[in-house]
Amino acid sequence: MDTNGATTSSAAGGGSTSKSSSKKHSRKPVYSRFTQQELPACKPILTPGLVIATFTIIGIIFIPLGLVSLSASEKVVEIVDRYDESCVPSDYSNDKLKFIQNPSINKSCVRTLTVPKLMKSPVFIYYQLDNYYQNHRRYVKSRSDKQLRSVSDEKSTKDCSPEDKTVDGPIVPCGLVAWSLFNDTYGFSVNSKTIEVNKHDIAWKSDKEHKFGSNVYPKNFQSGGLIGGAKLNSSVPLSKQEDLMVWMRTAALPTFRKLYGKIEQDLQANEKIQVVIQNNYNTYSFSGKKKLVLSTTSWIGGKNDFLGIAYIIVGGLCLFLAVCFILLYVIKPRPLGDPSYLSWNRSPAGHPN
Amino acid sequence: MARIRKRSIQLSKLCSFACCRSSSQDEHAQIGQKGYSRVVYCNEPDSQEQIRLRYRGNYVSTTKYTAVNFLPKSLFEQFRRVANIYFLVVACVSFSPLAPYSAPSIILPLVVVIGATMAKEGVEDWRRNLQDIEANNRKVEVYDKSSCSFRQTKWKDLRVGDLVKVCKDEYFPADLLLLSSSYEDVVCYVETMNLDGETNLKLKHALNVTSFYSSAESLKEFRAVIKCEDPNEHLYSFIGTLYFDCQQYSLSPQQILLRDSKLKNTECIFGVVIFTGHDTKVMQNATDPPSKRTKIERRMDRIIYVLFSTLILVSFIGSLFFGIETNNDLSGGNYTRWYLRPDKTTVFFDPRRPAVAAFLHCLTGLMLYGYLIPISLYVSIEICKVLQSIFINQDQAMYDEVMDRPAHARTSNLNEELGQVHTILSDKTGTLTCNSMEFVKCSIAGTLYGRGMTEVEIALARKRGEQLTEQAPIDASESKKSFKGFNFRDEHIMDGKWVSEPQSDVIQKFFRVLATCHTAVPEVMGPDEIMYEVESPDEAAFVIAAREVGFEFFARNQTSIKLRELDPTSGIRVDRVYELLHVLEFSSARKRMSVIVKNPENQLLLLAKGADSVIFERLSKEGRAYEERTKEHIEKYSEAGLRTMAVAYRELDNDEYKTWEQEFLKAKTSVSADRDVLMDELACQIERDLILLGATAVEDKLQKGVPGCIDKLARAGIGIWVLTGDKRGTAINIGYACSLLRHGMKQIVITLELPEILAQEKEGDKEAIAEASLNSIKLQILKAKSQVTEESSTEFGLIIDGKSLTYAMDKNLVNSFMDLAMRCATVICCRSSPKQKAVITRLVKSVTGRTTLAIGDGANDVGMLQEADIGVGISGVEGMQAVMASDFAIAQFRFLERLLLVHGHWCYRRISMMICYFFYKNITFGFTLFWFEAYTSFSGQPAYNDWYMSCYNVFFTSLPVIALGVFDQDVSARLCLKHPLLYQEGVRNILFNWPRILGWMFNGLLSSIIIYFLTTNSITGPAFRKDGQVADYSVLGVTMYTCVVWTVNCQMALSINYFTWIQHLFIWGSIAFWYIFLVVYGSIPPTLSTTAYKVLVEACAPSILYWLTTLLVVIAALLPLLSYRAFQIRFQPMEHDRIQIQRRRPESTEYDATQRRLSESSEARTSSELPSEVRIRIDNLKASSKRKN
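So the sequence lines, in the order shown, correspond to chains A and B.
full-length UniProt numbering numbers the first residue of the first sequence as 1 and each following residue consecutively.
full-length UniProt numbering numbers the first residue of the second sequence as 1 and each following residue consecutively.
Honestly, the hints are just simulated from the structure, not real lab data.
Be a bit skeptical, because a hint or two may be false.
Going by beta-carbon spacing under 7 Å, a handful of chain A positions derived as facing chain B [what the hints assert, rightly or not]:
| no. | residue |
| --- | --- |
| 1 | S26 |
| 2 | T35 |
| 3 | L39 |
| 4 | C109 |
| 5 | P162 |
| 6 | T166 |
| 7 | P170 |
| 8 | H210 |
| 9 | Y284 |
| 10 | S285 |
| 11 | G302 |
| 12 | D305 |
| 13 | F320 |
| 14 | C324 |
A short list of chain B residues far from chain A (calculated; beta carbon distances all over 10 Å) [as the list claims (entries may be wrong)]:
| no. | residue |
| --- | --- |
| 15 | Y86 |
| 16 | G115 |
| 17 | F150 |
| 18 | D157 |
| 19 | N232 |
| 20 | R341 |
| 21 | F359 |
| 22 | V677 |
| 23 | K785 |
| 24 | R850 |
| 25 | S939 |
| 26 | Q969 |
| 27 | T1020 |
| 28 | V1030 |
None of the values given here were measured: they were computed from a predicted structure.
The beta carbon of each residue, even a glycine, is placed where N, CA and C say it ideally should be.
Based on the provided sequences and hints, a complete structural model is requested.
Right, dumping it as structure tokens:
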């Protein structure tokens, strides 16, 4: 046969190849399970059995998980106290903004919290802000990671405007985040005995070691015209300013808690804790709430019922679906894939052939 | 024989030396004028005149790009896509403060995607470039005047006017004028397979005046000027004049050797380069195949527009809220959110101009939610399609051993369209049949000879239930001495017995016609072995038949044909030489061929063969002796599925011939445009008053597996149209033989061969005929329609002939005709011309709006192949024209079954699933961003780190989806073929209809809601670890992103049906890669990794809550799809679900066995009926899809 030479590809173009000379070489595709698309494969099918089994297994795993999570959450003791309203003197209750913006007014405020149950050490102190958009794009961007990390990058403040520099030079730490540092403080005492608040190790370890430089000191901070929040001790390097680090870990949602400190002693049930709050931080202009939270933790973290409940709901739903399918199967046992559906499979008998 | 064959060579011309005469100037009026201005100074490529003309060199480049323009040009190609422009604009804007994320993170994925596509283009172009380099650097011997010898030169250095020497089996480097050859009669043989795919040899002939220049020395003196046409793409025409020795000689295609054809059977030739490089005819012919787009792609574009609208809507909503919030920052002269410093802000957040801020924010939103548009969609689909094509090419089940040809996907962009074919339009000869002709019967002088049974006859007999037991053994015993192309059994004629037949003189004449009236070239292979180089298999059958009977054609040159005949009186074999005077060649219009010869007795004879209709109308009064009987026989033959041809001759009067010859030669040498018409007319003049000798019947055997394949395709609910040039009877019988028409099927015949029409035709009033025909057709169509509507439970086969078809295509009738045709399971159009084939294809395509597939093997099918949505070429014996015009090439018709039902179905499923999934994954991701936005007062802060986002489409989700697009199979190939009805999924497009697409999009939306709200509620707020830390922005981002990666990949795992190690690797690998990425990215310095710094190692991994949340969210996000699928399989299983489950059933083994038995027995029967239940089911499916539409 002399016709084999034609390669379908060496078509009208100039590139006619002289393949006809090598016609002894067969063009039969080489067999491999891969090229013939016959690789060994698992072909899962949602048979009723598999469906029921899957749903049941999910249910069986999820409901206990949910219960365990719920119980862990139950063990956590949490005291939440909203103080932004009540820490405003009654004569300023109509104009809270004036109260908070007037530096000459004493902002001290005493709250009494009752410990509902024994709170085992460590007890974590959080402040919780509400309706506060730390995740706003303008806010999030307004910082300079370089500057925080090393002295040499002090001048890289391009994202920090308008809190980037003063007449005396660049602001360290620059930007809106640092500038709006939370400045309420809490003092705790039980039966007029002061409780120590440990403010160490409240920031991330990587923040202390890598993100905030140990030779970077605050400079020109809060020295401009408008003062935002807390001032920083300019003799302490940034790597030691844990409050700042915590604050600068911007929150994800407009309602957030941030770690304030730890109480490293047990708080007995029914103990009355006196809290002296310096209510400095302005949340009144945007009607945000401020709360003080004391909480223990368990393996799941803080008091978090949502996860447990969600697990139980999902698990329950799966069990419900499993039951539905079982019922369907019992009530209406339709054999799936009955050949009779594939009607052409019926014998075409009766045709005279 | 309505079969059209492109005659590349007209042997008539080689028999006449008239073309060598010098012709007068006025016949070459066109030379030198517009379009005919090329001048070649032979052997003087360095002359001033030649250089001044500045013809292009012989360097060819078929590449799309050059090194210089690659970058700009391919970039331009890339950015012609709407989506890519969008991403380019986004990338540009990302340098402005508008951008929600850093510029590199948006540019990198764009660069990767564009780079991948460009790399693909580049590699393809590089391959073309290598081919070019190879071609350009081939060596050829060029004459060097200074040394009077030939020296090796590269093709690319060849110039117009060069003299070259080409040796045996070499390719011609450019278009050459043949000067002389190693043969004395200055002929040479060429093979033009690279041009038109025809494998037979063609004879070229040089002018006699140049024939003496056959050595290097003599060439030194050779000077001539050629004036000829400008470069054009017509392979079979050439007009030019040679000015040589103060004489003019006209040139014809006969003297032209085209680039890329090959010299065969000739030691060497000398030629002058006329056209070089891109001026050559083959390069002028090189055009890109028409680019076809699939329906899925077109719909995909619409989906992208939908997504764009969603994107704009979402951004608009975001900006609206953002405007309100920003406006609220300034209330009653006080700045509310003082920590944002609204008093000293940029225009983007200015509460004093909230409208401007909102507008600018809208632009930010467009960038941020850009993840709704999958950036990598196009490139992924392209990659998948290329890989799918490789699988098609590699499929062993579509490899033909005999021809050594695997299937070949010539374009990769139509793969999924293969799964949606609604109608197949098929050629018959060479497609359904082998196109290897066997001479089986003949009718000579009104007597039937030949007693073999054709396959069609056997099939029909089986159908009637006749016993054929004794037939087979006879065949077997006799077939020992069988030749390819010969299956004639008759003891009255064979072995010289014809001598004793009553009409032996007629028999002698009959076979002499068969032995001389052809264009075959004999090749003596051995003492008793002669091969014939022929242009059509019919001719081979005739020549072989003549040889077997005793009229052996063994030699031919330009002026004579030599036969070795049995002398009836002496009984010895003698050589007879017939002087060949003229060949009046075959053409589709003429439908006949004749030769004028002078026999050894000095008689002038015209020997003719041709279609019965043309021959019969040219018979003389005395030549009609056997007309009636022969007609009867021809009718009978065509019923048996045979191709028939009438054979006749005429004795010519010497004077008449002389006058005619003069006229004819004159016409032949004229260069005017109407030369062909003139020659046809002259041929008509001489081809009259013929004397009928008889008729031949050759069988075109059915290809292997055709009935079974057609049966399967019919079961898959695909409508099949056969467009053939055959007569009605032949077509119907072939229809039965290959199970196009089935037992129990009702035939509707629409024809104009009705007594009243025929009566009118005799009167000859053309207008009246036309009107009557139209009315008749209209009536027949209406009648048929009512019949089809009444008997809706029976199957119908529609048979219509070409003439009726022209009337049915009338614009008033065409709709009702197509309506009728669509309701019939099979449509056979007989006696249709190539043009009609293309027109029908276009009509079917436009009227149904569904996918059409055309399949054919010959040049006459090219129009049809290009017109159809998919063109499938059969790379058979008829050359490569059809393959060149096709999108897919297969070697046998039966491979179509696998190509459609297996590859088509898979590819359709893969691509549609892939696109749906693509939209799903990007909507899931995009909407989590949107929900997060709602909690940042729509400030445009993305929920994730910039680099997480840019890697989403490129690293974490791309490979599984490509694996889906390349490897997924709902059911195995075996089951695809066993359950052809599965194919309806593609025809009705149920995997890619709007409900399904929107369903996936809704699923994406649902997933994003579940992911966002479950994660935020689970991990934010109280401490998320035992050490009292709370989850910040970076932790939430990581957790949510983890959930997205898990969910999206698990959804993929849920929705694919085929897990090989590849899928496992890609799906679980992508998830694992996310964690690896987090660790690696988190360990680079915080100035680069920003929020991702150590986030997994330090914050998330130690938190049990993080892992618990991941588990909860992923399962919860999978639940909707899982339960939907579970219910859907239960209550509305799709075809593939049924088959999958059935495969699982334990009793299926036994069931399979019965099934196999059944299918075997049905294949054993030549044709099997479509059980009525299947048909009803298909009808139901069709009806339901119609309702949906």
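Status of each hint after checking the structure:
no., hint, verdict
1, S26, "6 Å, holds"
2, T35, "4 Å, holds"
3, L39, "4 Å, holds"
4, C109, "21 Å, violated"
5, P162, "4 Å, holds"
6, T166, "13 Å, violated"
7, P170, "17 Å, violated"
8, H210, "6 Å, holds"
9, Y284, "10 Å, violated"
10, S285, "5 Å, holds"
11, G302, "3 Å, holds"
12, D305, "10 Å, violated"
13, F320, "10 Å, violated"
14, C324, "9 Å, violated"
15, Y86, "22 Å, holds"
16, G115, "26 Å, holds"
17, F150, "21 Å, holds"
18, D157, "15 Å, holds"
19, N232, "15 Å, holds"
20, R341, "6 Å, violated"
21, F359, "16 Å, holds"
22, V677, "30 Å, holds"
23, K785, "28 Å, holds"
24, R850, "22 Å, holds"
25, S939, "4 Å, violated"
26, Q969, "7 Å, violated"
27, T1020, "5 Å, violated"
28, V1030, "5 Å, violated"
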